[in-house]
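Number of protein chains: 2
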Amino acid sequence: MAMNFTAAAAVSIPSLSSGQYSTVYNLFSLVIASMLFSGLYLLLAQKRVAPRYRNALIISAMVCGIATYHYFRIFDNLKESYPPGTTAVDPHLLSSVQFNEAYRYVDWLLTVPLLLVETIAVVALARNVSKRLLTKLVPAAILMIILGYPGEMTLDAGPRLIWGVLGTLPFLYLVYVLFVELTRSLDGRPAAVRRQISALRLILVGTWTVYPIAYMFPVIGGEFFGGAGGFVLRQAGYSVADILAKAGFALLIYRLARTQSILDDPAAYDYGETTPTSAASQGVRSAA
Amino acid sequence: MAMNFTAAAAVSIPSLSSGQYSTVYNLFSLVIASMLFSGLYLLLAQKRVAPRYRNALIISAMVCGIATYHYFRIFDNLKESYPPGTTAVDPHLLSSVQFNEAYRYVDWLLTVPLLLVETIAVVALARNVSKRLLTKLVPAAILMIILGYPGEMTLDAGPRLIWGVLGTLPFLYLVYVLFVELTRSLDGRPAAVRRQISALRLILVGTWTVYPIAYMFPVIGGEFFGGAGGFVLRQAGYSVADILAKAGFALLIYRLARTQSILDDPAAYDYGETTPTSAASQGVRSAA
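Residue numbers (the working numbering), protein chains in the order written: chain E, 28 to 315; chain W, 28 to 315.
Don't take every hint at face value.
Since the list can't tell identical chains apart, any single copy or any two copies may satisfy a pair.
Said to hold, decoys possible - DMTMM-like mimics (lysine to aspartate or glutamate), calculated; alpha carbons at most 20 Å apart, straight line:
1) Lys-74 <-> Asp-297
2) Lys-158 <-> Asp-214
3) Lys-106 <-> Glu-128
4) Lys-158 <-> Glu-300
5) Lys-158 <-> Glu-208
6) Lys-158 <-> Asp-297
7) Lys-163 <-> Glu-300
8) Lys-106 <-> Glu-300
9) Lys-163 <-> Asp-297
10) Lys-158 <-> Glu-128
11) Lys-163 <-> Asp-183
12) Lys-163 <-> Glu-208
13) Lys-106 <-> Asp-214
14) Lys-158 <-> Glu-250
15) Lys-106 <-> Glu-208
If you are wondering where the hints come from, they were derived from the structure by calculation, not from laboratory data.
Put together the whole structure using the sequences plus the hints.
Structure, rendered in structure tokens:
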């Protein structure tokens, strides 16, 4: 791994046009705003779900928080690595500060396993079933991130492709566990809950496919994909994927927790939304 | 001690390659993210454990908070001590700002006794028993840190070894208290709890053995261990050990607190995880 950290220094693009710089800069700021306040919302909305689902909300909020921390670092790093030229329209030339792509991998090393933990937590399985699934999912997720990293540290198509393919293997195993083994544990759940869990898994795996696409831009090569254009597309791809896979996913976790809370205990958690015609709810309405 | 604080200035490594710098830099950032959000998680998850165990969670969160503070300082210190060269791939030469290893000792002076306090707090012994154990454990921990410090302030094998051995003596006493005296106080606890407490102690003492290994790299000497390579390995060792011994340990404290809360009062704290087939849990489901 030490060798690959060393190679990291070689990846940086020598120059970004002022438009390319602004695009990446504004996207990073969008990610910070999205992550920070999705995470805060989940913490503030905790009482709207039953206690058994709250852990999933807290973990989702931690994922958004960890990503917020890293995007603050990435944002500051971009400013240091590509300072402005003499005028505002000049290209931003790479300074002596390397643009540190490793922040993303440190982030994913923590957040990707936690995304799986929050998925299993919101399904609220028996403790031993959760444990069995997570002892398969979490190591696969960590292996996926570690295997992707050496490929990220080079723009050479060969090693990038090889490490990319190696990282895909634990990903496929993870998909198998989520779609086959998890499904077996869902017998007896209400149809509405099973539908939402299926959607949740699809979106989890679906948003994750954006990462390898962004990862593979340099493999396409050429002046655009191998240079500044590919850099901007890759940063944009990672940023949008992070918003969907973390902030967006957290909101879906919340929605599933709400649905289940209402089904488990309508008296406590249905604020008249799903039973607008019930006597109780009407009574409150007309009294108001 | 004053002499040794002065001597600290002599320890710094004159130059780090850009890869060595990045490795240490990224590890420090990983520590910040791990500590900060493990600590926050413990504060947010407090309601999931019974009141008698919450103090252990709060203290664990404080330990993570103190470490987060110190790693922010250490991270900024690294950036100031080893600024970039002319280009991103040049070596980072030591500036006029010393890399201050004392941050770690200040951190440990506060956090190591607190780790023992949280361990005793989560076991929830009678007040006089806790007090008796802590009046042995806390002074031993403080003595261990103080005796290790003079050795850290030199790269000479002799004094480093002597202070290292002296610091090991209170550590051995501490292990004795944790494994012999604490065990006597655990009679009558459920087997599951006794198993988790045993694991907790093993992990506490196990992760602490990483520190003397990292500490001893300069004693091995030679160009690698006595120079920049040893510096990177030592920082990596301390960082990983800190994550395991503080953030990881905090999560184990939380898990033990959860287990005990569920055993003490299943109606309040078992959210259907350990009793998925119980009448109560099924009743809620079928009513839905």
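Right, here's what the structure says about each hint:
no.	hint	verdict
1	Lys-74 <-> Asp-297	both (12 Å within a copy, 17 Å between copies)
2	Lys-158 <-> Asp-214	within (18 Å within a copy, 28 Å between copies)
3	Lys-106 <-> Glu-128	both (14 Å within a copy, 17 Å between copies)
4	Lys-158 <-> Glu-300	between (34 Å within a copy, 11 Å between copies)
5	Lys-158 <-> Glu-208	within (13 Å within a copy, 33 Å between copies)
6	Lys-158 <-> Asp-297	between (31 Å within a copy, 16 Å between copies)
7	Lys-163 <-> Glu-300	between (38 Å within a copy, 19 Å between copies)
8	Lys-106 <-> Glu-300	neither (46 Å within a copy, 47 Å between copies)
9	Lys-163 <-> Asp-297	neither (35 Å within a copy, 24 Å between copies)
10	Lys-158 <-> Glu-128	neither (32 Å within a copy, 40 Å between copies)
11	Lys-163 <-> Asp-183	neither (32 Å within a copy, 46 Å between copies)
12	Lys-163 <-> Glu-208	within (10 Å within a copy, 38 Å between copies)
13	Lys-106 <-> Asp-214	neither (51 Å within a copy, 54 Å between copies)
14	Lys-158 <-> Glu-250	neither (48 Å within a copy, 46 Å between copies)
15	Lys-106 <-> Glu-208	neither (45 Å within a copy, 47 Å between copies)
Of the numbered hints listed earlier, those contradicted by the structure are 8, 9, 10, 11, 13, 14 and 15.
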